[in-house]
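A.B. asks: From just these sequences and the hints, can you work out the full model?
These protein sequences, in sequence, are chains A and B.
As numbered in UniProt numbering, residues 1 to 553 make up the first sequence, in order.
As numbered in UniProt numbering, residues 1 to 553 make up the second sequence, in order.
By construction, these hints were calculated from the structure, which means they are not laboratory data.
Just to be clear, a hint being listed does not mean it is correct.
If several chains are the same, the list does not tell them apart, and a pair holds so long as it fits within one copy or across any two.
With a straight-line cut-off of 25 Å between C-alpha atoms, the simulated SDA-like cross-links for lysine to any residue are [what the hints assert, rightly or not]: (1) K241 x S114; (2) K46 x Y454; (3) K346 x I371; (4) K416 x E391; (5) K346 x Q372; (6) K358 x E369; (7) K242 x S114; (8) K8 x Y534.
There are 2 protein chains.
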Amino acid sequence: MEISALQKARYEYAPKLPGMLRHGIADICVKEGEETQSVADQEKIKALFPNTYGKKEITFQKGANTSVAKKQVVGVILSGGQAPGGHNVICGLYDALKATNPENVLYGFKNGPSGLIEDDYLVFDDEYINAYRNTGGFDIIGSGRTKLETQEQFAIAAEVCKKHGITAIVIIGGDDSNTNAAVLAEYFAANNTGVQVIGCPKTIDGDLKNEDIECSFGFDTAAKTYSEVIGNIERDANSAKKYWHFIKVMGRSASHVALECALETQPNICLISEEVAAKKMSLSQIADYIADSVAKRAAKGMNFGVAIIPEGVVEFVPEFSALIAEINELLAGSKADAFNALPTWKEKYAFIENGLSKESMAVFAILPEGIQQQLFLERDPHGNVQVSLIESEKLFSALVADKLAERKAAGTYNGKFNALHHFFGYEGRCAFPSNFDSDYCYSLGYNAFMLIQYGYNGYLSKVSNLSKPAAEWVAGGMPITKMMNMERRHGEDKPVIRKALVELDGKPFKYFEAHREEWSENTCYVYPGAIQYYGPAEVCDITTKTLALEKGE
Amino acid sequence: MEISALQKARYEYAPKLPGMLRHGIADICVKEGEETQSVADQEKIKALFPNTYGKKEITFQKGANTSVAKKQVVGVILSGGQAPGGHNVICGLYDALKATNPENVLYGFKNGPSGLIEDDYLVFDDEYINAYRNTGGFDIIGSGRTKLETQEQFAIAAEVCKKHGITAIVIIGGDDSNTNAAVLAEYFAANNTGVQVIGCPKTIDGDLKNEDIECSFGFDTAAKTYSEVIGNIERDANSAKKYWHFIKVMGRSASHVALECALETQPNICLISEEVAAKKMSLSQIADYIADSVAKRAAKGMNFGVAIIPEGVVEFVPEFSALIAEINELLAGSKADAFNALPTWKEKYAFIENGLSKESMAVFAILPEGIQQQLFLERDPHGNVQVSLIESEKLFSALVADKLAERKAAGTYNGKFNALHHFFGYEGRCAFPSNFDSDYCYSLGYNAFMLIQYGYNGYLSKVSNLSKPAAEWVAGGMPITKMMNMERRHGEDKPVIRKALVELDGKPFKYFEAHREEWSENTCYVYPGAIQYYGPAEVCDITTKTLALEKGE
Chain A
1 MEISALQKAR YEYAPKLPGM LRHGIADICV KEGEETQSVA DQEKIKALFP
51 NTYGKKEITF QKGANTSVAK KQVVGVILSG GQAPGGHNVI CGLYDALKAT
101 NPENVLYGFK NGPSGLIEDD YLVFDDEYIN AYRNTGGFDI IGSGRTKLET
151 QEQFAIAAEV CKKHGITAIV IIGGDDSNTN AAVLAEYFAA NNTGVQVIGC
201 PKTIDGDLKN EDIECSFGFD TAAKTYSEVI GNIERDANSA KKYWHFIKVM
251 GRSASHVALE CALETQPNIC LISEEVAAKK MSLSQIADYI ADSVAKRAAK
301 GMNFGVAIIP EGVVEFVPEF SALIAEINEL LAGSKADAFN ALPTWKEKYA
351 FIENGLSKES MAVFAILPEG IQQQLFLERD PHGNVQVSLI ESEKLFSALV
401 ADKLAERKAA GTYNGKFNAL HHFFGYEGRC AFPSNFDSDY CYSLGYNAFM
451 LIQYGYNGYL SKVSNLSKPA AEWVAGGMPI TKMMNMERRH GEDKPVIRKA
501 LVELDGKPFK YFEAHREEWS ENTCYVYPGA IQYYGPAEVC DITTKTLALE
551 KGE
Chain B
1 MEISALQKAR YEYAPKLPGM LRHGIADICV KEGEETQSVA DQEKIKALFP
51 NTYGKKEITF QKGANTSVAK KQVVGVILSG GQAPGGHNVI CGLYDALKAT
101 NPENVLYGFK NGPSGLIEDD YLVFDDEYIN AYRNTGGFDI IGSGRTKLET
151 QEQFAIAAEV CKKHGITAIV IIGGDDSNTN AAVLAEYFAA NNTGVQVIGC
201 PKTIDGDLKN EDIECSFGFD TAAKTYSEVI GNIERDANSA KKYWHFIKVM
251 GRSASHVALE CALETQPNIC LISEEVAAKK MSLSQIADYI ADSVAKRAAK
301 GMNFGVAIIP EGVVEFVPEF SALIAEINEL LAGSKADAFN ALPTWKEKYA
351 FIENGLSKES MAVFAILPEG IQQQLFLERD PHGNVQVSLI ESEKLFSALV
401 ADKLAERKAA GTYNGKFNAL HHFFGYEGRC AFPSNFDSDY CYSLGYNAFM
451 LIQYGYNGYL SKVSNLSKPA AEWVAGGMPI TKMMNMERRH GEDKPVIRKA
501 LVELDGKPFK YFEAHREEWS ENTCYVYPGA IQYYGPAEVC DITTKTLALE
551 KGE
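C.D. replies: See the structure below:
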């Protein structure tokens with residue numbers, strides 16, 4: 001197998017552990033903290049998790065290892081979308097497991113949670129593990145999106161564990177996967193299976209974050225990879241001086257990625273979905289906001305710029321969500337047949353005009369025709385509009401062009417506006433993890449094994465103090481139930497980990513808010529360049545701006 | 001001004017010069033080689049360049065500097081599209097100029113060749129130059145696409161030079177810009193202006209290359225930046241195992257970038273425009289070629305893959321070019337009015353069916369409707385189809401989907417095919433130059449000044465032996481006329497630098513050809529990762545695969 005020069009070099013990288021885990025397995029002891037309670041709905045969560053609720057937060061520290069000597073057979077699962085560093089979680093887990101007892105065994109269930117249910121697995125050994133150290137991707141065992149949430153699935157999982165003598169399962173996933181990990185942990189405890197469950201916080205979206213989890217892994221590398229190419233595009237814009245680049249970045253429900261990229265690259269515009277929702281902004285208002293920047297810069301002779309658009313932003317525009325709901329209603333069930341039977345777009349348009357409320361028709365009317373057609377022609381198997389297919393970067397540049405045409409007619413704008421479009425998502429999810437993510441993930445995995453070894457169940461592997469050098473990181477565990485509250489999901493009240501949206505009174509957004517006016521009118525671009533794995537520490541070991549600001553650095 | 005940690009660190013990087021230029025200005029002497037002649041059409045080229053034709057190739061070597069002591073006032077111009085390293089050409093030029101005589105002056109003409117004509121310039125000093133060392137972009141003075149080619153422009157250029165006492169102009173550009181540099185050099189010589197002209201070979205496309213110029217600058221960094229994100233996407237594909245990614249990369253007339261990216265990342269498919277043209281491939285054949293890979297992989301359970309598409313490939317498909325020509329004819333002049341007056345696409349389609357030849361209609365009929373409409377609705381100011389707007393990555397994935405549907409109906413394919421699309425171009429043109437491009441460009445600029453100092457005119461700054469460490473590089477100059485031949489351009493015979501297309505019997509293509517069948521069926525992805533500027537030499541100082549193969553490494 002041919003591998004790149006960088007991959008070969010990265011095999012040699014020794015990830016940095018938190019200082020307290022560096023003395024060797026024999027010298028890691030547990031310090032128990034306070035009993036915990038969930039962030040909200042304590043009584044309801046407690047009732048749902050009678051065996052795993054209210055446990056103590058723990059941290060590890062230097063001291064004689066007092067865990068029970070017992071052969072451990074651990075199964076690990078990668079759940080959901082790829083995030084840089086996933087391989088290192090498994091490597092850290094493997095190294096701690098083997099260092100504790102060479103007889104210990106690590107199973108990898110293939111292609112996500114379905115691997116556990118289907119008993120599809122491999123057994124790791126040194127040779128296999130070594131080919132994945134400090135690499136990106138989830139190809140070590142594959143990932144998948146099957147959810148482990150039903151009693152039937154849990155019963156099968158228990159059987160599979162029993163068959164292999166599995167003592168613990170580690171689930172590497174986002175908020176939903178860790179919610180399910182907590183439910184599985186409770187099931188295993190309630191049924192006296194003796195199997196423990198430990199979660200690890202993964203997602204490039206950065207929305208698995210709370211007072212215990214400072215950041216999910218992968219966010220650092222993915223945001224830096226997007227910022228690299230956004231910075232390159234900014235420099236191109238500032239060299240050619242003739243294009244406005246509309247750049248969509250991943251993040252359907254939260255705008256952490258967009259915000260982090262903006263903090264790193266200082267573009268002229270960055271939309272934040274949470275702000276759009278809070279201010280109940282209309283498409284027209286957003287377009288005007290961007291057009292203001294285009295016009296001000298044009299007046300200074302700068303007919304170029306860069307705008308960052310979070311993937312999910314249109315879903316946060318109240319009038320647009322209302323329109324989508326009306327379209328779904330308009331074409332529900334057999335009503336779609338009448339619409340589909342109309343031979344031309346003109347007739348279809350008349351049907352739409354007749355069917356939508358006046359307010360929604362006004363929103364529909366300002367959309368570019370391509371997007372109008374997409375809303376009606378490309379629907380999912382349930383007949384619903386596929387909002388995720390909407391190319392919002394093209395939508396906003398088209399709306400801005402309309403606004404500028406109006407201003408030109410009114411004599412208030414006399415520039416040139418040529419737009420180019422980009423979407424960055426898949427480019428960053430499998431990058432080689434930054435040194436930060438390499439270290440953090442390895443530590444999460446190593447730490448996860450210590451939690452197993454000390455008998456904890458339903459805990460999230462927790463490594464904190466992350467804005468400091470790794471030597472000062474704090475390793476421990478937190479009951480997952482502590483992060484939960486009750487939310488309405490698909491018509492039912494469910495115990496879930498609260499998803500972290502961008503806080504409009506948080507320091508990262510406040511910093512952005514304080515600077516964005518200057519950035520919108522002037523050219524204040526910052527070019528982060530490619531992630532560096534070697535060289536000066538101030539280049540290689542910087543954390544995200546988001547984390548630095550949140551921790552007051 | 002806020003700058004990134006990497007930019008700050010890169011300021012400190014000292015570019016490596018060829019060994020022969022390392023002893024200081026006082027120790028650089030000239031070794032003259034043979035007189036040269038153009039690669040073809042010698043008599044015609046000689047007649048067009050009576051003052052600059054047939055000059056000797058030269059190399060520099062260690063020895064007493066015998067150049068005439070004379071105050072030099074040099075003007076530099078960035079021409080055409082951005083390429084990483086342009087700033088370092090100017091830095092190298094500046095450093096050699098100032099090291100020779102602190103009284104020497106360097107002018108930078110702004111926003112491309114038009115800056116010379118409009119006398120729009122700045123004068124470089126240490127502080128200004130230092131802010132651009134080892135950085136990407138052309139923002140140091142901006143670039144532009146104005147061509148210097150008329151006698152009127154040359155006369156103005158001569159006046160501007162006279163006004164400032166300019167002794168030489170350095171033009172940093174691609175094949176066209178260097179062709180124009182040669183013509184300007186001849187003009188200056190014929191009119192006894194005393195102004196010299198030196199060219200520097202720039203283009204990320206890699207098509208300014210010949211037996212003298214081993215590669216144009218910027219190709220290394222740009223191709224590596226695209227390969228970084230292509231590798232990341234490959235790893236994502238191999239982790240999620242559910243998408244085929246169709247990735248378009250820049251390169252309208254030559255496929256060097258696509259080929260280099262393929263050599264670096266080993267995707268399942270890479271189209272090479274030159275091969276498509278040589279084999280006179282049809283759209284259907286290309287689609288079948290890709291569909292074969294999809295089907296073979298699906299049969300092995302791999303419903304994912306990566307295909308690289310060079311930007312200009314459709315223009316190399318003979319039947320497609322014929323179709324475009326017919327459409328341009330069909331809508332020429334007032335004929336477009338009749339077409340535009342038709343109210344529906346259905347009626348327009350009938351008009352098209354009636355107007356195209358049977359062969360072209362057959363090609364038109366297999367195109368996805370979106371592209372059909374684009375060909376007729378989005379035309380340039382002359383009424384011509386805008387081929388560059390065609391999203392060929394989407395075109396081919398749609399054609400492949402059609403082929404697979406046929407195969408599914410025939411029972412010869414039973415996989416899943418979900419396509420995602422990407423286009424990489426602007427992402428790489430302004431990246432921080434790799435160590436190779438940093439060194440090469442600085443050397444080109446330094447060397448350009450030595451050519452000026454020794455009185456050469458109409459020369460290209462030439463640095464060769466590039467697959468070896470910089471200490472072994474060879475610095476010198478080559479008359480631009482040596483690289484010229486006569487070609488038909490816009491209905492006239494013109495002396496031009498021959499554009500280097502991918503040679504189908506060259507080593508890079510041969511290597512690709514020998515491996516592509518295996519790559520198309522199996523998963524042989526290589527993940528190059530981000531460009532590294534520090535760390536192990538085998539990671540930081542590797543050249544392109546193209547150069548290594550061409551030089552037999």
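A.B. asks: Could you run down the list of hints and mark each one as holding or not?
C.D. replies: Here's how the hints hold up against the structure:
In this homomeric assembly, K241 and S114 come within 25 Å of each other (Cα to Cα) only across copies, at 14 Å, whereas the closest approach inside a single copy is 51 Å. Only within a single protomer do K46 and Y454 lie at most 25 Å apart by alpha-carbon distance; the minimum there is 23 Å, versus 86 Å between protomers. For the homomeric pair K346 and I371, the shortest alpha-carbon distances inside one copy (15 Å) and between copies (20 Å) are both at most 25 Å. With identical chains, the CA atoms of K416 and E391 are at most 25 Å apart both within one copy (23 Å) and between copies (24 Å).
With identical chains, the CA atoms of K346 and Q372 are at most 25 Å apart both within one copy (12 Å) and between copies (19 Å). Within a single copy, K358 and E369 get their C-alpha atoms as close as 18 Å, which meets the 25 Å cut-off; across copies the closest is 31 Å, which misses it. With identical chains, the CA atoms of K242 and S114 are at most 25 Å apart between copies only, with a shortest distance of 15 Å across copies and 50 Å within one. For a Cα distance limit of 25 Å, the shortest separation of K8 from Y534 qualifies both inside one copy, at 14 Å, and across copies, at 15 Å.
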